[in-house]
Structures are given as structure tokens and as C-alpha cells.
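Taken in sequence, the protein lines are chains A and B.
Counting in the working numbering, the first sequence runs from 1 upward without gaps.
Counting in the working numbering, the second sequence runs from 1001 upward without gaps.
No lab work stands behind these hints: they were computed from the structure.
Since the structure is predicted, the reported quantities are computational estimates derived from the model, not experimental observations.
Backbone N, C-alpha and C define an ideal beta-carbon position, used for all residues, glycine too.
There's no promise every hint is true.
To be verified - Computed footprint of chain A on chain B; a stretch qualifies when at least three of its residues, placed anywhere within it, have a C-beta under 8 Å from a C-beta of chain A:
#1 1008-1021
#2 1024-1030
#3 1212-1221
Claimed, not checked - Residues of chain A clear of chain B, computed beta-carbon distances all greater than 12 Å:
#4 VAL124
#5 LEU220
#6 ARG222
#7 LYS224
#8 PHE253
#9 TYR261
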Amino acid sequence: MTTRAQSSQEQSTAPDAEQHVPKPRRFFELLLLVLSWIVAIGAMCLVDLGNTASWDHRIVAAAAVLIVGSLIIHVILHLKARYADPFILPIVVVLNGIGLTMIYRIDLTTPNSSVGSQTAWSAVAMIACAAALWFLTDHRVLVRVTYISLAASIFLLLLPLVPGLGTEINGARIWISIGGRTFQPGEVAKITLAIFFAGYLSTNRDLILLAGKKIGRVRLPRFKDFAPMFVAWLVSIGVLVVQHDLGSAILFFGLFLAMLYLATNRFTWVGVGLVLVAIGGFFAYKTISHVTVRIDSWLHAFDPAVYNQQAGGSGQIIQGLFGLASGGLFGRGLGNGRPDLVSFANSDMIVTAIGEELGLLGLGAILMLFLMLVSRGFRAALGTPDAFGKLLAAGLSAAMVLQLFVVIGGVTRLIPLTGLTTPFMSAGGSSLLANWFIVGLLLAISHSARSPRVVNEDAGDAEDIADTGQLGATAAISKLGSSSHEETASSPHTAGGHS
Amino acid sequence: MNQAIRRTWLAVAGVFILLVGSLTYVQFIHAGALEDNPWNSRQLYDQYGSARGSILVNGSEIAQSVPSDDSFGYKREYSQTDEYAALTGYFSMVYGSTGLESALGEELSGKSDSQFYDRIAQIFSNKETHGASVELTIDPKLQKKATELMSGHKGSIVAMNPKTGEIKAMVSAPSYDPNQLSSHDSKSVIQSYSELNQDQDKPLYNRAVSGDLYSPGSTFKIMDAVAALESGKYNKDSELDNPQNLPLPGTDTTLPNYVNGQCASRSKADIQWALEQSCNTPFAQIAMDLGEDKIAKTAKNFGYGQDLSVPLKVTPSNFPSGMSKSELALSSIGQYDVKSTPMQVAMMSSAIANDGVQMKPNMVKTVRSNSLSTLYDFSAEKLRESTSPDVAHQVRDWMVNDVDNGIASGAQVDGTKVAGKTGTAETGTDGNNQAWFTGFAPADDPELAVAIVYEDVDAVTGAQLTSPGAKQLFEAVLNQ
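Put together the whole structure using the sequences plus the hints.
Right, here's the structure in full:
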């Protein structure tokens, strides 16, 4: 069955929805997986062909991890989440594979040797994804850990500040070092924060929306309803400013705004948030030297004084731009570029290395993969009946987009360059682990979105009753997944907010 | 909530469009400017660190790219630089490239149009760009011999096959070491270059095809002889006045005859004897009689004033125009403003040797891409018909007589008929000359045509160097 046919069936709100039995489509996923292996391992072979006479054991290990790991997840999906979205896993395998390829390729021409640990981390991350799917048969249990997640987020974010444990690398104190290995707790905090936001907003959004004073057309929430959100936001941003990690600060604030909007459907709040960002950003620019340097090297990148500046100069971004430009439309071919000229080519700047060797077309294809992946995340959010699942899936997907925006916008000089990893591609264990875990969550939520449901199975969930109204559950699900009728269905519930 | 999700997705799509737009700007629209940015060292590394093709002579590399330990990846290395520097030229990141490195730059770097499919193949095979390798027509033994002849002197030798145009030897002395200029250490490159550039002996010139050019001296009398025969006014029996000093019209100076031969012994001479003894006055009279246009036309027919690349770019030799009679008289004996490359002189002899047909000189035997497909294979090419076979044969016979009985006798080779003509051009006031020999052998079935010129030698030394030098070159080829 083709993708188009399937999705049009999903889209249809035909009266015979009762007879429409969702298909697991695990075999389709397996086909796509094989395709993804061909792409990823093909890329590895291309690098190896050009550089070494025989197969490098590192490439064999990376390929084996990709195949075995994705097969394990595939089998677990078969057992535990048969109706999970069939596109998500193959897309992520391709992205991870291309990331491994680039890291291996950069290892070959620089003093780096990261592909071994990246392969090991890929294995760990895929196991984490598999474990999440195995143990998390129903993602809604995560609502129970809403406040634990908040505490965990704060704990994780504070961890690098602990003397003896925290490590400062390249001016940012966002790593912890255990037994010589470094880990970035902020990457995991991204997930725990999303869980907290999703859990808190799904249970309290009515209070936030409806209770409180109305000033003009804007209704301000009561402080006690909003306080936990505010605390979460304040801690994450405050800690990150102290830790000199602007990229993560943008990511967390963006996540906060996105989830607030997703929960409330109010642009005004996003607007207020953005105004706050602008004001905060301006003061940060004026007062925090780290931020000043970042913004100056963005605005005046081609100023020789800025370019030649030793610390925080624009050398990195300009070398990255040169790399992208030399790739042009078609790229120089895997192994033919000069990523060794760009610092952090295998982590923060991996996009420039990919752009140089695979060109605008290659990078565009990777962006399309990300867009597809994120769209499947949003699709799961649309389909799942529970508000928590909707918020979590959409929020995590939005976070991924934010991260891409910060990274690619940064290297193309659209916005100031700040250090963030490219999901699934940059060298870095914490990033891989966190993003694969997110994949596990998205797969679980997509399973609940697509699986056939017994009527009133979710009767205990107030949100669900409201959303599905008087319709039969199956029909309601297909309706949820299709059009904007949902707004009508839930309008009695939120009427106060609209009128 | 679903509406918010949909709207968020729209925003997400907007972000992706923004990112693709931003990438398009950097990688496509603005890419050219970024590539040209002076801070962008990629171009430099690309161009000067790429694995260029080799230049080979008889299968062994005289220029090749070898892996380097620096950021470039590869560097250019030259061997036997005394013999081949003038041919290879240098490949410098500071001063650009010269010689074949420049003339065949596209092929050597793999960027020529004919290598398009190779480049496509490289994208898939992921090999480092490897340019085409170039095999030269140079005969290494002859090149070695010619280099030895020039050792310790300034001057040039060009030797070619008159029937095919293949260049068998090309020497420009003094030579230099292109390795010094192709290093990736720009400081030492600049230092070496400024030393070479300030050297009075101009080692960076390839005197065979360019540089300051030479006065061809009496070798130009071959042109006069051809012009005389073509005009129909003269033949082998024509008797010419042979005064010891010819008053030059419009001036109070006279043109003297060559003093080292036997010119003074006859007051009348035929062309054969005048050539044999290289007497000036008969040829000056022929030129003044035929006029500038006729001599100029003959010179042009033999290549004067014509663009040529072999594929080294050859500076066109010059026969002046708008001359007075006295200037024409001086020009007829290869003085005044007549300027010639040794290449041109060798081509003149080649045309005489090859029944009046001038073959296109070329030093490239094959160009092979790194996939070993042949991009170019030498084939003899006719350049022009310089004169009729009859005229060519007559001049050839005169040149043979010149070697058998005249002042070019030093070029005699046992058992082989050699055709030749010497020349001496006065250049300065110090009494030193440019000494020439040009000719070919065997005269009836020519295999090699040569032009030899030594700078700054006195007449006696010149005579000892040129014709005997030619003899050695002929022997080197004929005894193989």
C-alpha cells in the first residue's frame, strides 16, 4: 500500500469509519528500514572506498549497530506498539547513519577520534529508545511524574555547577564529567522539561485559560496557576545564562513558548513571550559579555578585527560559511571537502561539513527528512486522544525544530551562532541518547494515535470525554486526526475563553 | 488543541522554508563571493594542494604531486630540474604557474572539458581529484646531451623532428629549481623568486620560446635565399656582387662582410658560395632588390609574426616593417630589429628539411586521464606550406654544401649528409656575439632539425660551440 493511499484513508472522515481498521504497517516500516540501511551504509562505504583499501572495522561496527539496533526497536514495536508510525524509525536511522558517516569521515582527516564512542552511544541510545517502548506501553503514565520531571530538570540543569563534577568546555559550563567521560545533562533536561510542561499544561490549562483577570482582550492567568511554569522557565533560563550556553537558553525558552501556545492556542502569549525575549536579549547583549561577543561576531562577522579576535571571534562562523559555499549545489562529494578547516566540524558545525560534501541538495534532503520526522511527530500529536500526549508529541517535535533552527540559522548567519548539537548527527552521547529517547516517546504516542480503540477506554480522562463528545470513539479518533472540527467539539469547554 | 498543533506545524514548515532559503543564499546565491573571499584558503588549498597529474618523459616523472604533511595534502615535486625546468615551469601559490604547468593547467588539474566525465565518475568513486598526466615527446637522451652542451653557458637549444613536428629537445640555460617556487612556505618562495628574478642571467626565462628573443643573424640568410629563388629573379647560377663593404643607402655607414671566412677572396659570388662563407653583402643586395614586402612575406610563410603554442606559448618572432633600405639591408642578415626564438629558427630549418612543408611543433605525446583513458594522442599536423619543394630542395643543397665545404663544417657527421647554417649576431658593444647553428640531418631523409644559440660568446668560441654541438646532437639521434 502506498503512503498516499494510506494517508488519504487516514484523512477521510467517511461514515463507514467504524469499518476502517487501522493497519499496523510494521512490514512497511521494515521495507523503509532496509532502504535506510542502504542509504546510511552506502554513505559509509563511499567514505571508506575513497580513503582506505579495505573495510575499516569502525565502519563495520557502526553499520552493525545501526542494523541490529533498529531491528531490535522494530521487533519491540511489533510486540508492544504495533500501530506506531512506520516512518519515524527509518528516518532517524538514516539521520543517525549519515551522522556516523560524517563523524568517521572527519576522524580520517583530523586528530579527532569520535566515531567509536559515537557508535557506542548510538547503541546505548537505541537501547534507551527500545527500553522506553518496552516499559512505556502507555505514555500517559508520564503524567504522574509531572512534578518529578520539574525537579529532575532543575537537578539536571544545576548538575554542571556542582564543583568537581561540572566541567567547563570551550567557555560553557554545561557538561559533567564522570570517569573521564563527559555528559551534557541539559540534553536530558530538554525531555524532562517537556514532560513537565505537557503534564502541567494538560491538567491545568483550563485554569490558566479561564481563571484570572482580563485586561483588555488578554486574560492574564492567576499567579498560582502559572507559578510552576514560571519557576521552570526561570530556572532553566537563569541557569543557562550563568552557564554561558545561549543556544540551550533559546531552545528552552522556545520550548516553553511553543508548549504554552499548543496548550492555549493563544498567539498573544507567544507575542508577549517574544517581546520579553527581545527585551531580555537586549539587556543580555548590553550586560553579559559572553552574549555581547556572540552578537557582535554575528553582526560584524566580516570585520577583520572581529574575524581575527582570538576568543569568540567570527572565525568559526566564517570558516563554516566558506565550507558551505564550497559545497555549492551538489557538494564536493563525501571525503572531498575540507571539514578540517572548520573547528568543531563533527559536533556544533557538522551541518557545514555535510553542506560542503553533500551540497545544498544533500543538506536540503536531510532537512526534508527532519521535516518529515517532525511532521510525523505532529501527526501523532493530532491523532492521540489525550491532551498530555498531544502536548508532549508536539512539544518534543517543536523542540527538535527549534534546535535545527538554532544550528542551521547559526551556521548560515541568519541568527547568532550558538553551540547546539544537530539531532542524531552531531558527535555527542548525551544528545544522541536524548533524541533517541524522544523517538521512543514519539513512537509510543503515535501508537496510541493510530491504534484502534475500544469505546470509552479512556473514559477516566476528562480531556478525552470533552474532545470526543458524544461520538463513537473510533469515529472520534479519525475525526481528531483529520480536520478542525475538534475546535467545535471542544468549544463548549473553552467557550469562556473565546467569547 | 488540534488547531494549535496544526498552526504550530505551519510555523514549523515556515521555519524549514526559512532554513532552506538561508542555506540557498549561502551555498548558491552568495557562494561565489564567499569562495572569492581573501580569507577563504580553500581555493588555495584546492588548487595548490590537489593531486595534479604528472608530467612524464619516456615514462618517468619530471613533475609530480606527492603527499605533503601540511594542510594542503599534496605538493608539486620536480626532478631533473637542470634539464626540464624550462619545460615544466613552476606551480607556485604565490606567483601562479608557468611552462607546461600553466599551458596544460586544465588537463593537469583535471578541469579540462574533456575530463568532464572523469569528474562525474570521481563524484561517485570518491577518489581525490587526480588530473591527467602528460607524456612529452622529448627524447631524454637528446635532452640530456643538449643540457650538457649548454652547461655553463647562456643560450638555448631546440631540436625537433621536421617530418612530424615532435619536439625532441628544448633547453634554456641557465636553468633554475622550480621546487623552490612550488613550496607551500610562501616566505621561502618569495625569497627564492626575488633572487631568481633579479639574476642578471634571467634563469626564469624559457629562452627557447620566449624571453627577450634573439637576433637570428646569418641564419636569416636562409630566408633571403628562399625569397630570391621564389622571386624568379635569381637561381643557383646567379652571379652576385660581393663587395667587402656595402655602402648603406641614406647613411654614411657601410655593411661589412663576415671577416672570419673567405668572403674577401671573391668579388663576385653565387648564392651557394655566399651562403657557404656567409657573406653579408650579396644577401643585403638581394633583399634591397626584392624589397621589404617580399622578404617579409617569406619570413611570414616560415612562421615569423605568427602565434603558436607547442603548447608552451611561443612569442611570435618579428620581422620589422616600414624599414628604410639600409634597415632592410641590416634585417636581411638577421640584425636590426629582426627577433627570433630558437623555436622559430628550428621551424625554419624543419620546413626546408621537409620539402617546404612546416609541421606544427608539439611537445605533448599523450594526455591520459587518471582513469587511463587517452584524452589526447599526438598526431603530426601540417602547419603551413612555407615554400615549394623545389625551392626547399635547392636551399637544402646549399645548406649541405655549407656543412661539407663551408664555415659550418664542424657539424659534419661521418656517413651522413648534414645541412646547416651558422650565424653570428652582434648584440652589444663588448665584442661578444650570439652564436647560432641551425640545420638538419640526414639531409635527404631528415630525422632531426636543430637550432642552437649561445649568448655572449666571442666569434671563435661560438664557432667551436655551435656546429660541433649540432654534430653531437645529430649523432645522438642517428646512432640510436
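Hints and how they fare:
no.: 1; hint: 1008-1021; result: holds (count 9)
no.: 2; hint: 1024-1030; result: holds (count 6)
no.: 3; hint: 1212-1221; result: violated (count 0)
no.: 4; hint: VAL124; result: holds (29 Å)
no.: 5; hint: LEU220; result: holds (19 Å)
no.: 6; hint: ARG222; result: holds (21 Å)
no.: 7; hint: LYS224; result: holds (23 Å)
no.: 8; hint: PHE253; result: holds (15 Å)
no.: 9; hint: TYR261; result: violated (6 Å)
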